[in-house]
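Asker: Number 197 in the working numbering belongs to position 197 of the first sequence; there are no gaps in the numbering.
Hints are computed from structural coordinates only; laboratory data are not their basis.
Ideal Cβ positions, reconstructed from N, Cα and C, are used throughout, including at glycine.
Worth double-checking, as some hints may not be accurate.
Said to hold, decoys possible - The calculated lysine to aspartate or glutamate pairs, modelled on DMTMM-like cross-linking and capped at a C-alpha distance of 20 Å, are: (1) 77 / 276; (2) 380 / 361; (3) 380 / 351; (4) 187 / 174; (5) 314 / 351; (6) 314 / 36; (7) 187 / 139; (8) 77 / 200; (9) 14 / 360; (10) 327 / 442; (11) 14 / 347; (12) 322 / 295; (13) 424 / 476; (14) 327 / 292; (15) 278 / 241; (16) 445 / 398; (17) 197 / 352; (18) 282 / 75; (19) 77 / 63; (20) 459 / 437; (21) 14 / 271; (22) 279 / 321; (23) 380 / 347; (24) 474 / 463; (25) 282 / 292; (26) 187 / 143; (27) 279 / 292; (28) 327 / 114; (29) 424 / 442; (30) 424 / 454; (31) 327 / 361; (32) 279 / 332; (33) 314 / 271; (34) 322 / 276; (35) 77 / 36.
What the hints assert, rightly or not - Simulated restraints on C-beta separations: (36) 11 / 341: 40 to 48 Å; (37) 122 / 474: 29 to 37 Å; (38) 286 / 21: 37 to 45 Å.
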Amino acid sequence: MTAIRLYNTRTRSKEEFTPFDPRNVRMYVCGPTVYDRAHLGNARPVVVFDTLFRLLRHVYGEEHVTYVRNFTDVDDKINATALARQEAGAVGTLEELIHQRTEETIGWYHADMDALGALRPTAEPRATQYIGAMVAMIEGLIERGHAYEVSGHVLFDVRSYPEYGRLSGRSVDDMIAGARVEVAPYKRDPMDFVLWKPSDASLPGWDSPWGRGRPGWHIECSAMSYELLGASFDIHGGGIDLQFPHHENEVAQSCCAHPGADFARVWMHNEMLLVESKKMSKSLGNFFTVRELLEQGYPGEVIRFVMLSTHYRKPMDWTAEKAREAKQALDDWMHLTCDLHPAPAEDFQADEKLLEALGDDLNTHLALTYLRALRSQPQKLLDHARFMGFLSDDARAEYNRAQASFVMSFGAGSTSRLAHLAQKMHALRAAAMASKDFAPVDALKSALIAAGVEVRMSKEGVELVPGAGFDPAKLEGL
RNA sequence: GGCGGGUUGGCGGAGAGGUUACGCAGCGGAUUGCAAAUCCGUGAAGACCGGUUCGAUUCCGGUACCCGCCUCCA
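Work out the full structure: start from the sequences and follow the hints.
Answerer: Set out below in structure tokens:
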């Protein structure tokens with residue numbers, strides 16, 4: 001069995017991965033808050049942990065890996081969007097408008113992440129489906145003396161959990177010293193965080209022992225991971241910016257609610273995405289969405305390739321140049337493999353070298369280097385690229401559709417416009433060879449290149465290949 | 001202020017205490033009427049200062065600079 005070593009944020013070291021139960025390897029990854037289109041930064045953990053999911057499925061068997069990624073559909077930004085729609089005259093109750101908004105966003109998210117070649121997780125729970133589990137967990141925390149109720153709020157008492165701060169390497173005292181936020185007066189300790197907060201009539205709420213309200217941000221992941229994966233599971237992933245406070249608080253809640261269990265054994269955090277060397281973030285406003293990129297003509301697999309060309313624990317700068325290189329490599333692979341048939345997934349056995357690269361804390365860059373070396377073995381390249389999430393059925397279909405639509409618009413075989421031009425070119429060239437006057441040949445060649453056609457000439461004949469910027473209209477009159 | 005991470009050739013980006021990363025770009029060659037595509041070959045690095053070592057870009061310490069978290073965020 002392939003050895004997998006993963007960097008564990010909790011211990012700050014690379015460790016050999018040993019699942020609690022090899023027949024049910026369990027991974028939880030923090031998913032999106034569904035109030036708007038996913039930006040490119042949101043896509044990084046999706047692609048990274050999708051690659052890990054694929055590796056785990058290959059090593060332990062498809063049926064033996066459970067991957068949970070949540071949708072946060074309780075959030076004040078969602079409420080605000082719904083409220084704005086209502087004020088703009090949208091029909092329906094606030095709850096209906098909120099539901100509409102989250103449904104719509106989840107649909108976008110699925111479409112965008114599918115385009116990146118990411119497999120759907122085993123389960124995608126929504127916070128609103130687990131309010132009962134959250135309330136139960138909060139009640140348990142109060143009973144055990146780890147949480148307290150104050151004026152409709154329930155707060156977690158960080159001083160009741162001595163390990164608080166261990167995951168993110170901070171001490172409560174240091175954090176208080178450097179605190180930049182105003183502290184709510186009802187908190188026993190400035191670092192105490194909200195488990196439950198009251199909702200007024202203009203906000204969505206659920207009945208609870210503490211009145212009508214809604215959960216704090218962190219409790220949902222604790223409740224859903226417990227319900228779907230148990231008190232102890234193998235891997236918890238997410239962006240490094242979630243390490244504190246989100247994951248720290250998750251650890252505190254879960255470990256206090258289920259003493260004796262491990263919660264997540266391995267914590268994995270992907271680094272941030274940069275744009276122009278600055279972190280892409282909502283507050284800086286320098287983010288763009290996956291959809292925008294797709295619409296600009298960057299195929300999803302190109303985005304995936306760029307993502308995987310940088311190790312997940314390093315910041316990654318998104319640049320047009322990287323996208324260009326990725327596209328070049330993928331086009332080349334597609335061209336080499338478009339006529340081959342992929343091996344059925346169940347028969348595929350990945351090469352040990354590729355598995356070693358991925359098993360070494362997801363060295364995806366090395367894995368891509370391995371794929372590149374497979375140029376001379378197209379069948380092997382096709383199967384291994386597909387294992388990595390490239391050259392998918394969709395991408396191959398799209399490629400073939402593009403080829404077909406080209407034939408469609410010009411007619412097939414010798415009557416095709418380009419074939420005709422190729423013949424013309426060939427004849428002109430043959431004449432030029434004799435007359436030594438190449439001007440007419442060069443003129444036609446220039447016109448073809450201007451139309452986005454690549455001109456390949458050899459002794460055997462002339463081959464015309466339409467490129468990315470191919471414009472059939474420019475062929476008129478040639 | 002507290003905590004964490006980074007600094008590799010023109011660009012991107014890995015591994016390894018000593019032996020070619022790789023890709024892109026460049027250069028040279030084959031090929032071509034000239035090109036394109038393809039193939040072959042090739043130069044170029046390890047922020048700075050110390051230490052450990054027979055030997056460090058790789059380990060340790062310091063300096064500088066950059067970045068992130070501590071506030072919604074993947």
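Asker: Taking the numbered hints from earlier one at a time, note which ones the structure violates and give those numbers from smallest to largest.
Answerer: Failing hints, ascending: 1, 2, 5, 6, 10, 11, 16, 17, 19, 31, 32, 37.
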